[in-house]
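Asker: Those sequence lines, one after another, are chains A and B. Okay, so the first sequence: first residue is 1 according to our numbering, each after it adds one. Okay, so the second sequence: first residue is 1 according to our numbering, each after it adds one.
Mixed in with the good hints there might be a few duds.
[Claimed, not checked] Covered by chain A, according to a simulated footprint, are these stretches of chain B (three or more residues, beta-carbon under 8 Å):
no. : region
1   : 147-160
2   : 165-177
[Said to hold, decoys possible] Here are the simulated EDC-like pairs of lysine to aspartate or glutamate, each with C-alpha atoms no more than 20 Å apart in a straight line:
no. : chain 1 : residue 1 : chain 2 : residue 2
3   : A       : K73       : A       : E33
4   : A       : K9        : A       : E33
5   : B       : K150      : A       : D90
6   : B       : K150      : A       : D100
7   : B       : K150      : A       : E89
8   : A       : K108      : B       : D158
9   : A       : K108      : B       : D161
10  : B       : K150      : A       : D81
11  : A       : K184      : A       : D201
These are calculated hints, taken from the structure and not from any lab test. C-beta atoms are modelled at their ideal positions from N, C-alpha and C, and glycine is treated no differently.
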Amino acid sequence: MTNVHVSLKNVTKQFQREGSGGVVHALGPLDLELRSGEFFAVVGPSGCGKSSLLEVIAGLSPPTQGEVLFEGKSIGGRVPDGIGVVFQEDASFPWLTVADNIVLGLRKIPISNEERQARVDRAIAMMGLKEFTNAYPAQLSGGMRQRVCIARTLVMAPRLILLDEPFGALDQQTRLLMGEEVLKLWRQTGATIFLITHALDEAAMLADRIGVMSARPGRLMDVIETGWPRERDSRVVESPAFGEITARLWKSLRAESIKAIGKADAAS
Amino acid sequence: MSTLRAWRGPVLMIVGLLSAWQALYWITGDIALRSPADTIRHSWALFQRPAMWPHIRETATAFSAAIVIAVTLGMSVGLTLGFSRLAGQVFEPMLVALYSVPKVTLYPILLLMFGLGISAKIAFGALHGFIPIALFTINAVRNVRPILIKTGRVLNYDTSDLVWRILIPAALPEIFSGIRIGLALTMIGTVLGEMFASQRGLGYLLMNAIGLHDVDLIMSITFVLIVFAAVVSSILLAIDRRLHRRV
Ligand SMILES: Nc1ncnc2c1ncn2[C@@H]1O[C@H](COP(=O)(O)OP(=O)(O)O)[C@@H](O)[C@H]1O
Ligand SMILES: [Mg+2]
Numbered sequence: 001m002t003n004v005h006v007s008l009k010n011v012t013k014q015f016q017r018e019g020s021g022g023v024v025h026a027l028g029p030l031d032l033e034l035r036s037g038e039f040f041a042v043v044g045p046s047g048c049g050k051s052s053l054l055e056v057i058a059g060l061s062p063p064t065q066g067e068v069l070f071e072g073k074s075i076g077g078r079v080p081d082g083i084g085v086v087f088q089e090d091a092s093f094p095w096l097t098v099a100d101n102i103v104l105g106l107r108k109i110p111i112s113n114e115e116r117q118a119r120v121d122r123a124i125a126m127m128g129l130k131e132f133t134n135a136y137p138a139q140l141s142g143g144m145r146q147r148v149c150i151a152r153t154l155v156m157a158p159r160l161i162l163l164d165e166p167f168g169a170l171d172q173q174t175r176l177l178m179g180e181e182v183l184k185l186w187r188q189t190g191a192t193i194f195l196i197t198h199a200l201d202e203a204a205m206l207a208d209r210i211g212v213m214s215a216r217p218g219r220l221m222d223v224i225e226t227g228w229p230r231e232r233d234s235r236v237v238e239s240p241a242f243g244e245i246t247a248r249l250w251k252s253l254r255a256e257s258i259k260a261i262g263k264a265d266a267a268s
Numbered sequence: 001m002s003t004l005r006a007w008r009g010p011v012l013m014i015v016g017l018l019s020a021w022q023a024l025y026w027i028t029g030d031i032a033l034r035s036p037a038d039t040i041r042h043s044w045a046l047f048q049r050p051a052m053w054p055h056i057r058e059t060a061t062a063f064s065a066a067i068v069i070a071v072t073l074g075m076s077v078g079l080t081l082g083f084s085r086l087a088g089q090v091f092e093p094m095l096v097a098l099y100s101v102p103k104v105t106l107y108p109i110l111l112l113m114f115g116l117g118i119s120a121k122i123a124f125g126a127l128h129g130f131i132p133i134a135l136f137t138i139n140a141v142r143n144v145r146p147i148l149i150k151t152g153r154v155l156n157y158d159t160s161d162l163v164w165r166i167l168i169p170a171a172l173p174e175i176f177s178g179i180r181i182g183l184a185l186t187m188i189g190t191v192l193g194e195m196f197a198s199q200r201g202l203g204y205l206l207m208n209a210i211g212l213h214d215v216d217l218i219m220s221i222t223f224v225l226i227v228f229a230a231v232v233s234s235i236l237l238a239i240d241r242r243l244h245r246r247v
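This is chain A alone, in the form it adopts within the complex (with noise of 0.2 Å):
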């Protein structure tokens, strides 16, 4: 049996909505369970509560009914050590350089000043941000920036990491070696990924395990095994299985998505 790294029993998730005094369903009930070191990606349609799902994950906002435990460890009403968050919008910090941004995620560890700089030095080349070391995000391109976010999660060594649609902004292409490089850090790192996406090819092409959600609020439907070996990259995407892998997620998330459109429409 593998070990179980999070797990989500009957979890939902309500907003209060404002002023109204309603509430939205956001999320659940929905029970789930990462397994140590995997690459687990979620596909939903907007709007599903993938989002909501990450930020209960970690402990960013506390579910409203169930229980999420990390490590074995119920998450209180923080972020637990060990888990990093990397977000789709820029959450880099503009007055800050970008060697400056990346350290900060080392603010709260104790560690020596040396083992600091190594690590901040290693994130910084995996990123490919030498050249930019000093320069300010506003000086950078978005996926640059979403770089420096990245690093800024490698270098507190999670051993989760969390990615909300974290190259939703960018184009195709830079999407597809983005993916390659975020395969070579779960390579090294051994961290288990927990990662959200719009982009059907992204999810059959990173992951081990695809969750499929529901429209609001979101239930996992389907979970699919994409059976890659460990040594993969975008080159996945020629094989045979590829095409099955998306064709299945398609199928499932056809009918979901014509939902949640209706529902923009009636809402608007």
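Given chain A, work out where chain B with the ligands should sit, using these hints.
Answerer: Here is chain B with the ligands on its own, set in the frame of chain A:
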């Protein structure tokens, strides 16, 4: 090359203003104005006189104290109201209302509260400056992108870290714009305060000169105040631009 271009605008403006002043002087003559050359010469002479120094010191002290109070108070109020939705909703309209009241109408009250000395001037100067600083700070705090705060929580920052390491640096360019405007208004407030019920300071001298119709003195003091304000404003504007370029 680029520094040359950066200086061209301000230099052209100064030359333009001096020419307009000179032209105006040719039209109106000595009754109401002095020429730029005369004014500069007279200002120079004025500041050689030892009798001037207590007045300059008085104004400088009052202004310095007022700006320190305006910045501290404005930022504290702004951070508090920006942070707390409810407090913001209650007090922000009051600040805006206070901002639009001609502050001279409040001066008698300040005089009663602080007496006729330097404290009333300081209070009057600070009153002018602190409101825009507070309003700009409220806005700046509200406009801080929530993702930055969320990132702080992922980095396990406590509340004081969130304020000092994220909120204030993120809001600083905007706050600084407020300080720049607040500084100009504080100066106006301080000098205005000296013009009434005061026995010392440049404002008092100016008021006296008006009474005596001493055109040389009026022109010199005004000139010196304008030069001081322009220099300080340009420095702050340069910093302001630098801060905003990074965002
Ligand atoms: N803080 C919040 N307050 C109220 N409603 C929210 C909040 N966050 C998310 N929602 C709602 O919950 C639903 C799921 O949102 P989200 O998790 O962001 O979806 P996704 O990431 O899949 O696009 C949406 O309908 C959204 O409007
Ligand atoms: Mg989302």
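Asker: Against each hint, give a clear statement of whether it holds in the structure.
Answerer: Comparing the hints with the structure gives:
1. 147-160: Our answer is that it holds, as 9 residues pass the Cβ test (under 8 Å) against chain A, meeting three.
2. 165-177: holds (count 4)
3. A/K73 - A/E33: Cα-Cα ~14 Å, so holds.
4. A/K9 - A/E33: Holds - the C-alpha atoms of A/E33 and A/K9 are around 9 Å apart, at most 20 Å.
5. B/K150 - A/D90: Holds, at roughly 12 Å.
6. B/K150 - A/D100: holds (18 Å)
7. B/K150 - A/E89: Status holds; Cα separation ~11 Å.
8. A/K108 - B/D158: This hinted pair holds, its Cα atoms lying about 10 Å apart.
9. A/K108 - B/D161: holds (11 Å)
10. B/K150 - A/D81: holds (15 Å)
11. A/K184 - A/D201: holds (18 Å)
In terms of the numbered hints stated before, the structure departs from none.
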